[in-house]
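Spelled out from the first residue to the last, the chains are:
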Amino acid sequence: MTRHSLVRAAQSNDPATRSRAIEAIAAAYWRPVYKYVRMKWNIAPEDAADFTQEFFSRLLEKEFLDSYESSKGRLRTFLRTCADRLFMNQARDSKRLKRGVGSTHLSLDFMEAEQELATELRSGSPEDSFDKEWVRSIFVLGLARLQANCASRGKLIHFELFERYDLEDADPKPSYAQLATEFGLTTTDVTNYLAFARREFRRCALDQLREMTTSEEEFRREAQALLGVKVT
Amino acid sequence: MKSLSDRVVARLQADMQIPDLSGTRYNLLRYVACGGMGSVWLAEDTVLKRRVALKVLDLAGPADDLDVRLLREALILASLEHPGMVPVYDAGTLADGRAFCCMKYVEGQTLAQRIATLNLPDRLRLLERVAEPLDFAHARGFIHRDLKPDNVMIGAFGEVLVMDWGLAKVGVTSLEAGETEIATAVQPTQNSLRVTDQGSVLGTRGYMSPEQARGDIEVDHRTDIFSLGAILTFMLTGSAPGELPAASGSVLRPLRAICEKAMAGDPNARYQSARGMTADITHYLNGEPVSAYPEGLLERSGRVFTRHRTAVVLVAVYLIMRVLFILFERR
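Residue numbers (my numbering), protein chains in the order written: chain A, 1 to 232; chain B, 1 to 331.
If you are wondering where the hints come from, they were derived from the structure by calculation, not from laboratory data.
Watch out, some of these pointers could steer you wrong.
[Stated by the list, open to error] Each computed SDA-like pair below joins lysine to any residue, with the alpha-carbon atoms no more than 25 Å apart:
| # | chain 1 | residue 1 | chain 2 | residue 2 |
| --- | --- | --- | --- | --- |
| 1 | A | K173 | B | Q17 |
| 2 | B | K2 | A | S12 |
| 3 | B | K49 | B | T93 |
| 4 | B | K104 | B | P121 |
| 5 | A | K40 | B | V106 |
| 6 | A | K173 | B | S5 |
| 7 | A | K132 | A | F78 |
| 8 | B | K2 | A | N89 |
| 9 | B | K2 | A | R92 |
| 10 | B | K49 | B | P121 |
| 11 | A | K132 | B | D6 |
| 12 | A | K155 | B | V315 |
| 13 | A | K132 | B | S3 |
| 14 | B | K261 | B | K104 |
| 15 | A | K155 | A | V140 |
| 16 | A | K155 | B | A33 |
| 17 | A | K40 | A | E127 |
| 18 | B | K2 | B | A14 |
| 19 | A | K132 | B | S5 |
| 20 | B | K2 | A | A49 |
| 21 | B | K104 | B | A33 |
| 22 | A | K132 | B | A33 |
| 23 | B | K261 | B | T204 |
Generate coordinates for the entire structure from the input sequences, incorporating the hints supplied.
So this is what it looks like as structure tokens:
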């Protein structure tokens, strides 16, 4: 999907179009929302999972997204505010709203998110955590794009090298010479393939971001956040 | 795709900053530093086999004001050839869409780092050398507008370079015959006017003149004189401007007066040129009166004594000997 189309599609009257768009938005935002509610309100994992499903169901029902105007702020901040509002409404009504019959139930791996929460350092506010999770989600989606891109161009080895050198948490990292031996390449090839993968990763992550934003200005501000650059 | 650890996310963020140099004559060597507009990288120019500094913007696009600013900086540096200005070799857009500027790689320290090892006279001499390229730029109609200790580099051979002309403005008051063409070439476009000339506040607090902090459009080269005074303040106190300690002795008073004059709220009350300010510093270093400080008789005597110490001591010794000789003869 091109710029503007994702959020617009999520506001569409066509249920199929809307559903696809919401799934794409959920892919980037479900982890931030889940971890945010877990951290901010300290609710049980199953309640947080129900809340997250409920949140994206509401998005699908156009309850939230219809009121989103890109000129008034970023989608990221808007969704976090919506999550706050929904939680407070539910708390006020003292009941958990159950998903209606026929509403979409997204397939989300809450167990994995819960395991991540257990191992992550809990520093900063829930809002910081939301932003951090958002960066992580965009990167994960960008990497999926990169993998598909490399596969379609017959350059899967570039991705595998990138995965081995940049995505593994190993300490110390393998040297280029070790990777060259492991993959049957020269060290120069490793250098060049990694440079290619990093370059392509940047493009894929920014393309992913571009789809999630609604204006050039929002894209630039969000890209700064994605790059870890402090915006003044 | 499984989730990523915080460490991997940080690594990917760093990866995304790496400029795409494919299709250029440069090979990336290492990261050097980051600034307000982007990052600086050490690279090798594969054609000329030399090391260069690449200033690369974080992002780029058709409507990006930073692109315009970087290009303007390159144009300004290209048009100002002075030993105190970093030579620019190249500028353009990388394959990843980011604007870049290739400059001489300067190894050394910033003024802020360097002054800790210098005594007072050496600090003052250093300031004189900072003022030289500034005076040169002012004479050609350019105003730096972001002068601060971090934007002054002292190279490995002692060369003093005024860096970061990204916020520079082209003034019109000081242009000399034949230089209008240069200034016109880097005159802000409609787009860059929006960035720096329509009342927006750009610069660094503490080193920025009041008129610049207010966002006045009509700032002139005297805004840089204010910054130069702020740098002198920093060099004297080691602290940010606004924290100048009370003058504890007569030695500091003239320097304090120089700072105060350079940082006067009214531009008309400041030194009217960088050269005028350094003239006062030179006077101070030579033990001569400075224009910013009307000294009393006692201070003048003290200064004359300090400046001509040997002669004064010799005369005093001669007079004492003479008196003793007369007394001895009378007995």
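Cross-check of the supplied hints:
| no. | hint | result |
| --- | --- | --- |
| 1 | K173(A) - Q17(B) | holds, 20 Å |
| 2 | K2(B) - S12(A) | violated, 31 Å |
| 3 | K49(B) - T93(B) | holds, 21 Å |
| 4 | K104(B) - P121(B) | violated, 29 Å |
| 5 | K40(A) - V106(B) | violated, 48 Å |
| 6 | K173(A) - S5(B) | holds, 15 Å |
| 7 | K132(A) - F78(A) | holds, 16 Å |
| 8 | K2(B) - N89(A) | violated, 33 Å |
| 9 | K2(B) - R92(A) | violated, 36 Å |
| 10 | K49(B) - P121(B) | violated, 39 Å |
| 11 | K132(A) - D6(B) | holds, 9 Å |
| 12 | K155(A) - V315(B) | violated, 89 Å |
| 13 | K132(A) - S3(B) | holds, 12 Å |
| 14 | K261(B) - K104(B) | violated, 35 Å |
| 15 | K155(A) - V140(A) | holds, 19 Å |
| 16 | K155(A) - A33(B) | violated, 32 Å |
| 17 | K40(A) - E127(A) | holds, 8 Å |
| 18 | K2(B) - A14(B) | holds, 20 Å |
| 19 | K132(A) - S5(B) | holds, 11 Å |
| 20 | K2(B) - A49(A) | holds, 19 Å |
| 21 | K104(B) - A33(B) | holds, 15 Å |
| 22 | K132(A) - A33(B) | holds, 24 Å |
| 23 | K261(B) - T204(B) | holds, 20 Å |
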